[in-house]
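Protein chains in written order, with our numbering: chain A, 255 to 644; chain B, 6 to 831; chain C, 3 to 251.
Hints are computed from structural coordinates only; laboratory data are not their basis.
Predicted model, so just to flag it, every value in this text is computed and none were measured.
Keep in mind that a hint or two might mislead.
Unchecked claim - With a Cα cut of at most 20 Å, we get these calculated DMTMM-like pairs of lysine to aspartate or glutamate:
no. : chain 1 : residue 1 : chain 2 : residue 2
1   : B       : K57       : B       : D439
2   : B       : K473      : B       : D427
3   : B       : K797      : C       : D177
4   : B       : K252      : C       : D179
5   : B       : K57       : C       : E185
6   : B       : K614      : C       : D119
7   : C       : K218      : C       : E185
Listed below, chain by chain, are the residues.
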Amino acid sequence: MTTTTMGRRSTAEQGSAGTILLIAAAVAFVAGIAGSWQLWTVGHAAFNTGTDMMWGLPVVSYAYLTLTSFGAALVACLALTFRIEAFAPVAARALMLALAMLIAALVALALELGDPILTLWAIPANMAFASPLLWMGVCWAIFGLSALVLLFQLTLAVDDHPRVSRIAAVGLLVGAVAGVVTQGLVYGVMSMRPVWSGPATPLYFLFSTVVIGFAVVTLFTNLAYGLNHVRMPERLRMLCEGLLPKALLAALVVYLIGFGSRVATGLYSGQDGVQIVYRHMVASWPFHLELWVGLLLPLVLLSIAALRHRAGIQTLAAALILGGLFIGRYEFIIGGQLVPLFKGSWVPGFVDYAPSFTEWALLLLAVSLGVLIYALGEKLLNLSHSPKTM
Amino acid sequence: MSIRKVSVNRRRFLQASAGTGAVGASLGGIATLTRESGAQAQDTPAETPETKIVKNVCHQCPARCGIDVYVTNGRVHSIYGDLGNPIANGKLCPKGHFGTYILYDPDRFPGPMRRTNPDKGRDQDPGFEQISWDEALDIVAERLNDLRARGESHRFAHFYGRGWGASCAGLYGAFGQLYGTPNSAIGHSSICSDGSKMAKQATDGNYSYSAYDYRNTNYILNFGAGFLEAFRPYNYLMQIWGHIRTKSPKTRVTTVDVRLTTTGAAGDRNVIVRPGSDAAFALAVAHVMLTEGLWDREFAGDFEDGRNRFAAGEEVDPETFEENWVSGLPEWWNAVVKDATPEWASEVTGVRADTITEVAREFGTTRPAMALFERGPTAHTNGTYAGMAIHALNALSGSMFAEGGLMYQMGPAYGPPPAEADDYMDEHASEMQDRHPRIDMAGTERWPLVANMMQEVALNHLADDPYKLDTVMFYLTNPVFTAPDPTPWEDMLRETFVIDTSPFPGETAVFADLILPDHTYLERLQDTPTYPFEGWPMTALRTPAVEPVHDTKVFGDILIEIGKRIDGPMGDYYREIDSTENLLRHLAEGFRDEPGDNGVNDFESWKEKGVWYRKPYLWKQRRGRFYEWDGEGYNREMTEDEVAETLFKTPSGKFEVKSQLLEQHADYIERELDVPPERAGFPQYIPPRHTGGEGDLHLVTPKTACHAEGRGANLPHAIAVMQPTVGGNERTFVEIHPDTARARGIENNGRAVMRSDVGEVECVVRYYPPARPDTLVLPMEHGHWAQGRWAKERLSGHTGYVTANVSDPLSGLACYYTGKVTIEPA
Amino acid sequence: MKWGMVIDLEKCTGCQACTTACAMENTNLPGEAWQDVLFYHEGEYPTGQLKWLPRPCMHCEDPSCVHVCPTRATYKDPEDGLVLIDWDKCIGCKYCMLACPYGVRFFTDEPARVSPDIREAYPDEEKEWSPPYEMPEHKQSARTGVGVHRKGVVSKCTFCAHKIREAPEGVSDLDPDDPELVEYVPACVRTCAPTARYFGDLDNPESKVNQLIADKRGVRLLDHTGNRPQVYYLTGEGGAIPAFDDKQS
């Protein structure tokens, strides 16, 4: 098998966009570390999480980043696993994003866990088959390894072991899909937490992942070329002005259907502890930010053919979607814990939770780390490499 | 067993990885590796240190529960009830487990402290410097000797709160007698619960709390006692609760209170009355019992011909009624009870008349049935009469000294002390006897019937009436915070030489010139004769569980050491007493002739077992006759004179519903309470005089289960469970009816300010729909401005700052629950 | 054998001594109530109600917390039926806390519930804190989650494993009134003044706990979750299991 390099970018093309991104991410990362200084001094007491709100913003951050990673990988899989040629131009970049966000997610998780060092061997050593978390770890391992191999193959080894690549491409797909579904299972199996539980939860996660994946690839591809499709290699430009925004639109529509049915059933559910959460959610401003700005506005932008292919619009829509989905993730994870399970009259009807400064700093730290790694990849590797066939 | 296998595997893994050394450590592996040491230690139990159990007595309420203190390697690590102690029976209340906190409180004084900052005030740092005990005691002795030399020894006053026994508060009498002051000591009982004692003295002649045979009762009618929160002995009451509520027949319990608490909720019926109206409820119960013929005729007496002439509104001819052990029943009926119909009481109390009738019928038809009460009804200006009205129900139900009824507590069989104060009087001491009134004017024309009047002291001192104090010494009391409207105390403490003996920094200590820190209870040797319990005598002993953590001294020894330093024969007396241990050894000699049921017959066995007690109670009333224990049973019938001498210590030798004691003070009563002299002796309802000025809401300020003798506010775990009714687990809340709050624009969990004509308090409210709409409830707990790092400035604020210093003229009890306030958003 | 607890709500006075005895025995932080008493009110003056429910860990027969633990740190001991946490394996992911329908699990590393933070008064490097009255070192065991909590782990009621596991072999009930057994009785059961708590072997048909469950028709909480608690409640006359509905606030 052969591969050809389509339109290797000149340094000029790569241009200032990459550098700006790198510097911005680095600055944000340093700010994130500085902002989370309390984590290093007083430990997890610096979080507003604990016995009442077990999984707070740090878990939201990590969960969101894993979905971003899986989503980006699924976009890569279109070319690498399903061999849809049209998506080949974004495969390498999507892979880089997947790896970068996975690392960022793991860092976020490590900083949230009580004992991250112990985690490294306690999970494999004990093989708790009943726990979805174990399987999530297994999926991550497959996924991460596959992504690493593929990225190496695509950008450095120039596909000299196609067989390895094919196996890895299947691994990537399986890891990503299973990873998303097990993450959905983590919540879906919790019969005692009705906002989370149910067979549809993994599907909801899958819908979210796909839309996040297309959005993040759209965003960073456009950023890589300074929001200018003209600078793009031809095939990439065709993708960006054709299939990619349409795919993003389609994913968004599917997600909206899932989102709408969740909210609607939630609002009308007779089950204890459900309706009250959704009512609370619908009455809050982040929900409306999510719905109108994060979902419906991009829907409009992407639905208008005249706008859809424009780099700026795509970038804006993708960014809005990513923001909207982040709010969605927050509402899902926090919402499931809002009603205390077992309480006396005097326990507030809702757990009183607002993320601490440290938790916000941790989010900044993790996201900027992901972007930083990605931006480094953009600098050091040829992410415009496009596998022709595999 | 796969679980354990995995665990073992893991250890092997760690042992293996330990070899990799520096790498693991640098990755943060140290924490992981040392974690293992705990588990390994468990696997090698070879060097298990010895744990010893020391007998002590809890100090967090008056109940005196015997405790087992667990000590390992010189550290106290847990406290449980002593199975051999008849009050504790191996159990404890929620406070009991906190003793270790008190012992190891990080804010304790390290030793005797001398003030260096001459300026005194709430915000003044006393600038304490630690000194030796000799220096400290010499400072006190020099001051007291000077005062005595100037003939002003009466200007020295002792103040105490929880006196435990002969080895602490028991030493005051001799100290005052020999030193020459009437103010040794001013007790805190008038800001505690003297109302119930007075009510009992006026009716049955015993100035005492009652002992109760709860185990055998079938009905409890409880007026305003926190039976399952704060009534003593709390721990035992809960044990009894478990028994009486599951025995056959189940004991029915009706609670009459102004609020809904666990006590009311756990019983069969919770009747919420208007604050200060309990007497009307009790009188209506009496009314129904009499009109429906439900009183105990064998105890109280009957009409000559057995025909019941008690009919609502109609007088009876006293001549037709043959009294037995109740004196003045027909007269009481004619003057008070005949008009006290349930309908009338309904108007006064706000309770449905049929509810009152139901309660009365239950109470009247159940035997044994007891009526009990505490501060709820008595901390009002009409408190003594209210207590009498309630206590009179025990006369009607025949429960006095009966099985399942009430009695009074016998004292322990102590031997004589090492010396008698009478033998050490000098000229000055004799001269000073009865020369000056007490600073609180207790027992004078101003307060003729009371035992103590601590809440008057600061005002009297500031008014120089009867005189000004020079030196004051406090033991387990903190009136500068706890007295009603306590701010004048700050002025008094500013201009007197203040000695505090608390081991902890508190409000008094802020004003103290000298701190002579007492041991905490786990470090003490101290006797604790029981509070009224089940009648039979009992005295428990605190023995030190550990060496004193700081340079402290048990209060009794502080007093003795001061005494030794006083010039003249007083010093000799205290040298003869020598120490509290010597005193206790002498007292314990009394056990040789009367060994305890658990075999305690001397000091050593007392220390070992922790308690001496000797059952049974010696007297019993059965079907209107009194019997004395003859060694096998209650077989010897007592004469009327014997009953009058030992049981009904009234002028008539009977239970008086026409109190001769009060009739003797009819003029005073008319002056103070507007009660016509001819009615002075009767249990009756008179409208309470609510304090607070323009307030439109009643304020009730109870103690909760974790009050812990004033230490609760500084015990983090107690703070976390302080107010279960409304979840006050970080602060206390004002329990408020939602309508009341909303009408004033106060949000649930919102800040508010309570005001009376005395002052104002910042508080946080919580909506509590079961609350009376006209009544606010705020536990007297937080709002300290000293008292330790956890207590300081915790909300809600201190209730004392809106509580007027007004007392029941008869009992002297401060009317803590009669205040009215306004409340508005902060 | 299978240790279980019976709580007689008719006797319970809501005093919270179980909560404080547990907290002091196990050196819990203030408000970290392994054993808690939940209070409820309903209705309005003059017919308001106040109810309460003591709640330890249920040591379920089929515990959802054990299923979800990714490291088997939370485990069910097949020999005596206890659900325990091995702090040597706990990674502090808190998934078990989410999975417990009874809300009995605590994360040790959280802001103080009562300030100032008592951990600052008695700081420690390894453990959450080290007060002078902590349980003797030889009683503490990371593998059963007994003792002062490690940093970053989840903790919960152990049924006082360090006590009951020392009990004589084959004993059917741990009666706190029996001087021979009192040292082996869980703190909450031992101190319960009205004797509202009983502790014994649910596998032994002769045990007092089984007799009480049979005579007074003991019930388990939230049976629909399938966890099958080993803590039974006797509701009796005057006892009540309040509804846990989300409308209460």
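Hints and how they fare:
no. : hint               : in the structure
1   : K57/B with D439/B  : violated, 51 Å
2   : K473/B with D427/B : violated, 28 Å
3   : K797/B with D177/C : violated, 41 Å
4   : K252/B with D179/C : holds, 18 Å
5   : K57/B with E185/C  : holds, 13 Å
6   : K614/B with D119/C : violated, 38 Å
7   : K218/C with E185/C : violated, 28 Å
Checked against the numbered hints given earlier, the structure breaks hints 1, 2, 3, 6, 7 and satisfies all the rest.
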